[in-house]
Amino acid sequence: MNALDPNKLKVVKEVGRPGVLLAVAQQPASSRLFFGASDFKVHDFDVMAEKPEPVEYAGHESYVTGVVLAGKYMISGGYDGRLIWWDTETKQQVRSILAHSRWIRDLAATPNGKHVVSVADDMVCRIWDVASGKLVRDLLGHDSRTPNHFPSMLYACAISPDGRYIATGDRVGKNIVWDLANGRRLATLETPIMYTWDPKARIHSIGGVRSLAFSSDSSLLAVGGMGQVGNIDHLGGLARVEVFNWQKAERTHEFAGDEYNGLVERLAFAPKDQWLLAAGGDNAGFIKFFDLSASKLIKQDKAPMHVHDFVLNENGGTIYAAGHGKAVVWSLDAA
Amino acid sequence: MTRRNSSGGLSDQAISRRSFLGSTLATTAVLTAADMTVLDALQSPAMAEELKRKDKRVIVFWLAGGASQLETWDPKPGRPTGGPYRAIQTNVPGIQISELMPKMSQRLQHTSIIRSLNTKIGDHGGGATLMHLGRRDESALKLPDLGAMIAREMGQIDSAVPDYVAFYTATEGRGGGTGQSGFLGARYAPMFLTTESKPADLSLPPGIGEIDHQTRADLRQLLSNRFSEGRKSSSLGSHNEAYARVRGLMSSEQLFDISGEPQSIRDQYGPTLFGEQTLVARRLIEAGTPFVKVSRAWWDSHGQNFETHLELVTELDHVMSGLLDDLEQRGLLDNTLVITMSEFGRTPNINASLGRDHFASAWSVSLTGCGIKGGSVYGKSDEDGQTVADGEIGAAQVFATIFHALGIDHEKEYYVGVRPVPLTDPGTEPLKEVIA
Amino acid sequence: MRLLLPISASVLFCLSAVSVAEAEDEDAPAPANVEIHEVVDRYVDEQLKAAAITPALQADDANLLRRTMLDLVGRAPTSAEATAFMASDETGKREFTVDRLIASSSFARHQANELNTMLMQGGSGDLLKYLGPATAENRPWNKMFRDLLAADPESGADQFLKSRVKDLDRLANDTSVIFFGVNVSCAQCHDHPLVTEWTQSHFFGMKSFFSRTFENGDFLGERDYGLVKFQTTEGEEQVAPLMFLTGTVLEEPESSEPTDEQKKEEKKQLEELKKNKQPPPAPSFSRREQLASVALEEDENIYFSRSIVNRIWYRLFGRGLVAPVDQMHPENPASHPELLAWLARDLVEHDYDLQRLIRGLVLSNAYSRSSRWDGDDSPSPELFAVAMVRPLTPAQYATSLRIASMNPSWFPEELTGEEFEKRIEQVENSARGFARMIEQPSEDFQVSVTEALLFNNNQRITSEFLRDAGDSLVGKLKTIEDPKQVVDIAVRNVFARPASDDEARVLVEYLSQYKENRLIAAQQLVWALMTTNEVRFNY
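These protein sequences, in sequence, are chains A, B and C. Here the first sequence is numbered in this note's numbering, starting from 1 and rising by one per residue. Here the second sequence is numbered in this note's numbering, starting from 1001 and rising by one per residue. Here the third sequence is numbered in this note's numbering, starting from 2001 and rising by one per residue.
If you're looking for bench data, these hints aren't it; they were derived computationally from the structure. Bear in mind the structure is a predicted one, so any value in this text is a computation, not a measurement. In this text, a Cβ means the ideal position worked out from N, Cα and C, and glycines have one as well. Hints may contain errors.
Estimated spans, in silico, between C-beta atoms of each pair [unchecked claim]:
#1 Arg2432(C) - Gly19(A): 38 to 48 Å
#2 Thr1194(B) - His2350(C): 42 to 52 Å
#3 Glu2095(C) - Ser1197(B): 39 to 49 Å
#4 Glu314(A) - Glu2265(C): 47 to 57 Å
#5 Ala294(A) - Arg2432(C): 53 to 63 Å
#6 Glu254(A) - Gln2231(C): 52 to 62 Å
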């Protein structure tokens, strides 16, 4: 069982793509991936193929920033505010709805594939019925303006493995856990260090909660972003992760970062919570593994690019990542 | 005017005695007042044109750090360089701007967008200097900037309001946004406001009453006029002029206080510092200040360009449209030129931090209001915004156009010793297509 | 080592320009053994006569003392100094006073301040650590020039280069402007439009002397390789010759670009030195040293010697013999070319002794004229028929205000020598903070409204200059009952001269309004006197 070892982390594949790959989803038990991209399209290809032959799905009118597989559909969301349902067999558009009035930043699907949730800069989290495309519920709780009168942004969402909870996180570092069934607000967690407001030198802000993940028993919520930034012209803060026992509203772990600067763009727990995996970047990229029981960093490495999203395969031994100009595959058990 | 007399200064009752200086002047032959000025052409009989341009005003939004043309005036939707924002149709057929400016999109009938600047200088200091001076700096000759030249051309020598005010609150890049009057001298240097919303030294110092403050100034002037007799020097003249303007400027202190503005006007400019300073700018130009620069720093979005512009363009859109509405309602827009400019624009290429870097090869400025042909676009960048495709110009043409729009001869020459220095570099022509 | 190479037609032009200038030298009729001030007056008077202008009268004693002290020791006289000078009927008191002032430590400090302003041109950092000892020992100007180019970090002389090393164009042009009175910046992009003699080669030639200079940590270094290339207006690429402003081209050992490998090695070595806070190794051939040598050679030093003479003249007279001071070229001749040539030659012959030059100039009648012109049209300024009114520097103004604001008993007549100097130095030091609030004047300086507002309304004016205290003028005046005496003391202290009768009458009348409160009366009076243009300017 110790075959998976973060210290054996190795890049096994790099596939260059024009533009920026912003989101990724994996066809179960395969290396067929769906990437949301800055060319307003979804790219569908087998990343391990010797010569990947991408199929492009056109329909969005801006960056595609969220891709999930739910039931028999692949659903994409973008800065155009649209959610689009695709049939992955026929590669045809099934449904397109204007889901938000502003940028959609992230999507998540329930494990049973019945619901998908979206978050956007209109500061609403919406729950959708996958089969009908109907709006199930609006979750309202994030302020539309920052305390300094600027537009806020709702960057991240996650659904717990048991499918009961939704977590959302915004620009100023406010995180809310919701009950998916009834929309009730269960907890509010603050991670203010992830938002840098510069009142003096540059008079605007940078940062925000960029990633959220529940542990396998749904009791822990990991929050990812960047620490305080001196010069906000650049992604100059340390990559930062905080973990909460959200039901007790108690912070259990704080990983303030050391070597790597930039945003933690995606977080995921290994299938048995052996470690928490984080990746992201500034001008370059990084990947990090944390052992929560020992409260320590096990392994970190430079990524070949700024990582915008990744997905873990079923056993947790393969990491499919989307990022600036390329897709990358890491393995923890490569020969 | 009612001041106490507890510390022994002059009280109201003593006011009548103030005539003492006047009577002294009349009876003491040797102390007749010397001429106050040798300096300014505005004192000479004004030509009609000069009269006409005297009520013209300029407000510059200095977008320090380099605002992106792609997220403001020159969007490239759907291109690899275009970024995620869409372009929106404006109220002028055929002109689209970034969706980050919905309010400006409905007010574009007053604005001319210039999309073809190639200014060649890609560092903050050099770019800021170029866009302040309208030409390259010279190390040995200190050149005046736009504000100083306009203050010189349109200000009144004895004006009771400041004639060049510059705001720059953020600390980043402040040195590049200071403004300089160069060889025109400190008379035309900006009243430069940083963290204070009011200029320094505009109110009475503690412990002195209004009347005492005035009589000591009168005495100072009497002695100084006497000293000036038989001594000709523009420096000497400027000293007396500077002191002569003090009382007037002190009475302009309330212009910097927006607390009395109705809430509806406050909302029109918004709650941010930039909005508040722009409201002060409107109050100043309404009172006669010819040139105000409101700097908004810092746009240098090497990382997270789109987030930064979401914040800053949204603010600019609100503040600028609020200002234009306010000027229009007050009947001031026809006489007020509102300019947006930076030291340069930003690269079409999007870097790995989703940022854009410094870019001087094809970027945009906007001119709105006074003397401008609204609802027009001058010049063109290529489809990805990498180069100028049509109508390439530099800073000099923008300056010549500004001068022309205000009725100032851009070829007018100042003399520094024997050397003629024209307002804009020789051979520069204003952009006729931009001028009404 | 040196070789004259006629590398281009433009250089030939330049050589001919210099030979014309040299011809003036040979014609210079004034013999070497006359006093400087006599030569000054001879040439200045000659032109006045030719223009049929009778110059202004000589300034009165109080005026002359104030002017001389501002120029030599950087401050106005104390009340006691002024009174003593006016009372003295000693023959030669002017010369005696000038010599006493030049011998004082204030003179060296003021020189250091003035040279610092000239050399740093408002840039960051200062050269005072170097200039302090240099002016105290009256180091020859050519030696200072060598020191500044050698840039020894121990002495602080490296600040001249250090403050400019990040911008070699500026370094080249500033050096040219400051030491040679030649502004070649226009020639950067094209041959100079006004001066055919100044070509792109002149600018890039100057730059070549500095192009191998670099900064490594806290130290400056100079490489053994590197050439300056530039695009001519025809778009042709040229390698800049190692050429001085006179057109003289220097020969130097062949150098070749290092390989990438060598460059890497060099970089590593420099990183190591930076870490250990050690200077980079000296080059085997220093281009900067070449500049220092060539500029001072007998046939080449015309620019160097004339420029400093012209700059000192500008400082003392308010206008250069060549104006502006950075435009010394054949198209812009000096107002008194023979005088400039003579003074420059005298300076070279006397080992670049700036003290001697300054002394000579301030003893001339041209220097000591009144600044008042009562006739109709004031004569053209380059005739020096009437003294110019010059704005004070921040240090002069702040120190003079400080002295003016102090109880005159702080500087009693009997206080002399070291004790007096010590007290003056204290005052200079205490004036520094305020000096930073005043703008450094440039040519055609205009007083800003910011300054007028400062003096009118800033709390600091009251706290620094109008305090009610035992050591302050206001404190002293408050104790005096007789308004005539108040006026007499105040005017002497602030203006360094007695009040005229009509002035006294007006001021006494003014004070009569404040009978009930002598403190307010004193503050009002002192403020009005201190803020007059008479105090703001050197007249």
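Hint check:
1. Arg2432(C) - Gly19(A): 38 to 48 Å: violated, 59 Å
2. Thr1194(B) - His2350(C): 42 to 52 Å: Because 50 Å falls inside the window, the suggested range holds.
3. Glu2095(C) - Ser1197(B): 39 to 49 Å: violated, 57 Å
4. Glu314(A) - Glu2265(C): 47 to 57 Å: Taking Cβ atoms as reference, Glu314(A) and Glu2265(C) lie about 53 Å apart, which means the hint holds.
5. Ala294(A) - Arg2432(C): 53 to 63 Å: holds, 59 Å
6. Glu254(A) - Gln2231(C): 52 to 62 Å: holds, 57 Å
The structure fails hints 1, 3 (numbered hints given earlier, in ascending order).
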